[in-house]
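Visitor: If you want the building blocks of each chain, they are given just below.
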Amino acid sequence: MSPSLRFVHVWRRNLRVWRKILIPSILGNFGEPVLYLLAFGYGFGMLVGDLGDMPYMVFLASGIICSSAMFTASFEGMYSAYTRMEVQQTWSAMLGAPLTVADIVFGEVAWAATKGLMSAGAILVVAAVLGLVADARALLALPVLLVTGFTFGACAMVVTAFSKSYDFFLYYFTLAITPMLLLSGVFFPLEQFPAPVQTLAYLLPLAHSVELVRPLLTGGIPTQVLLHLAVIAVYGVAGLMIATIFIRRRLVR
Amino acid sequence: MTRDLRAFQTQSRPGTMTRFGQPLARQMPESQPIPVTPLVSARGLIKQYDGRLVVDHVNLDVMPGECFGLLGPNGAGKTTTLRMLLGLTPPDGGELTVLGEPIPARAREARTRIGVVPQFDNLDPDFTVRENLTTYASYFGLRGETLSRRVEELIEFANLRGRESVPIQALSGGMKRRLTLARALINAPELVVLDEPTTGLDPQARHHIWQRLRMLLSRGTTLIITTHYMEEAERLCDRLAIIDQGRVVACDTPRALIRAHIEPHVLELSGHAATVWLDAQGNVSDIARLHRVGDASLLYSHDPRPLLDRLDSDGLRYLHRPANLEDVFLKLTGHDLRD
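Quick note, the sequences are listed as chains P and L, same order. In terms of this note's numbering, the first sequence opens at residue 2 and continues consecutively. In terms of this note's numbering, the second sequence opens at residue 34 and continues consecutively.
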């Protein structure tokens, strides 16, 4: 698994395809999460009012931004990557060229991270326009969101490595992504939960992403930055390595 | 009789022999013979899946500039052997060198100098014809002037001028195959590996591919080709290895294989009348070797005149043809159906 910059070729291939469908891609990036933000924000916001000194919409915006990076990168690492691996045989064509499985997996995860960042960034723009973002330090959330996308892209590729069909991805969504979405402080503060649930949430990456992004968007300063980043990174690196090993086992045999 | 002999002569192809001499002659001028190092060298190559030997101690040498064929029934291990050459299937034993690189250790480096035409087209459906070439070129790190010049050349080569901006889905099977071949040449490879390049194509498309492959050979590119089309192998290959159940059962020029394994004349008879007639002839083993497949009979002979006289006087329908590679293939790999 020698590190190389050849993964860029894989990343650029996906970027070229994305550019061809630029407008629907961007609309997709804005569309769904913005609906979530507005519907939940106004709907719940009326009922909930403020959370401490924070309006609910402000609280929600940072959560939706993080979960959007998670969802987009996960989809890319599963449905899109699987399509390229099995249906379109894009990877087998790449393997005829001087690219290796490690290049391909890293390139795909980097691309998933990029898409995660683009979709989270789109909502950040909307949130800023709606006045839900405190100041320019929100820009510091972008690298956090890129890392978040990378981690979820890598974990999704592990699922792809073992997948025999698209149906398999539902297990991962039901058993991992959805619980994480509900338990990680996206829609309501983690403190609402009993201690064991909180512990569980902090063993998973999304909660750490939210802990970093929320202060940055609301004019605060995140605490325990290195710890949060470390948890996210461990999932990312482990996911990347496991995905590479098992996708190699699947394709090079 | 005269008619039959004429048919016999027209079917022999002097071109094969002359072209076979070419690559070696290029490497070894008559004045100073230098030993040619094989471009691909396999020794005792083994691959097993679930304890079953799919490639069983295969030895191969492919010389620079030649067209080398791997001929075998389905499941003989042709594709597995090709994948091993490319480093896409790790061998379970044996030694393998391709373009001077040890495989699989330096397969990536070797692949920068190899072109690959896979059995099933894996053109990128997200791109047009030209984008397929430019994107594939980018995997090799090609850019700028070199890239655009080579892409234009290959669009000409593939005869796809005017279709550059067409999506892959709009191409016919033959066009896709031509584009796949063109794509394999994007890195100006020294060696092109083709896995059943013309399977599923109509005769026109096959001839077009063959003509392109001969063009490559005339430029000195080395080709390794798998096929189960005998006339393709006979037409293109300078040498070929017949593979069965993972083993190389014979390896030589098509003519030498035919000479070594099959009598030069073949009589084909079929149908009920032929069976009755044959049974009435009694033992023919002093004149011909008889092989029956269902209601068809093949008679292989060095001198078929007595048989032809009898057939003609009895007014039976028959086909008299020269022995070909298919006869060798069926003799060496058996007549049973393979699934």
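I should point out that these hints are in silico values taken from the structure, not numbers from a laboratory. No residue lacks a Cβ here, since even glycine has one placed at the ideal position from N, Cα and C. Misleading hints may appear alongside valid ones.
[Stated by the list, open to error] Okay, the calculated bits of chain L under chain P, using three or more residues with CB under 8 Å as the criterion:
#1 146 to 154
#2 159 to 172
[Claimed, not checked] Derived CB-CB ranges, DEER-like:
#3 Leu141/P with Glu178/L: 52 to 60 Å
#4 Val226/P with Gly195/L: 54 to 62 Å
#5 Ser198/L with Arg250/P: 46 to 54 Å
#6 Tyr43/P with Ser198/L: 27 to 35 Å
#7 Ser198/L with Val226/P: 24 to 32 Å
[Claimed, not checked] Listing some non-contacts, in silico: residues in chain L with all C-beta distances to chain P over 12 Å:
#8 Thr113
#9 Thr213
#10 Asn220
#11 Arg245
#12 Leu249
Visitor: Each hint: holds or not?
Guide: Results of checking the hints against the structure:
no. : hint                               : result
1   : 146 to 154                         : holds (count 3)
2   : 159 to 172                         : holds (count 7)
3   : Leu141/P with Glu178/L: 52 to 60 Å : 42 Å, violated
4   : Val226/P with Gly195/L: 54 to 62 Å : 58 Å, holds
5   : Ser198/L with Arg250/P: 46 to 54 Å : 39 Å, violated
6   : Tyr43/P with Ser198/L: 27 to 35 Å  : 46 Å, violated
7   : Ser198/L with Val226/P: 24 to 32 Å : 49 Å, violated
8   : Thr113                             : 10 Å, violated
9   : Thr213                             : 9 Å, violated
10  : Asn220                             : 8 Å, violated
11  : Arg245                             : 18 Å, holds
12  : Leu249                             : 17 Å, holds
Checked against the numbered hints given earlier, the structure breaks hints 3, 5, 6, 7, 8, 9, 10 and satisfies all the rest.
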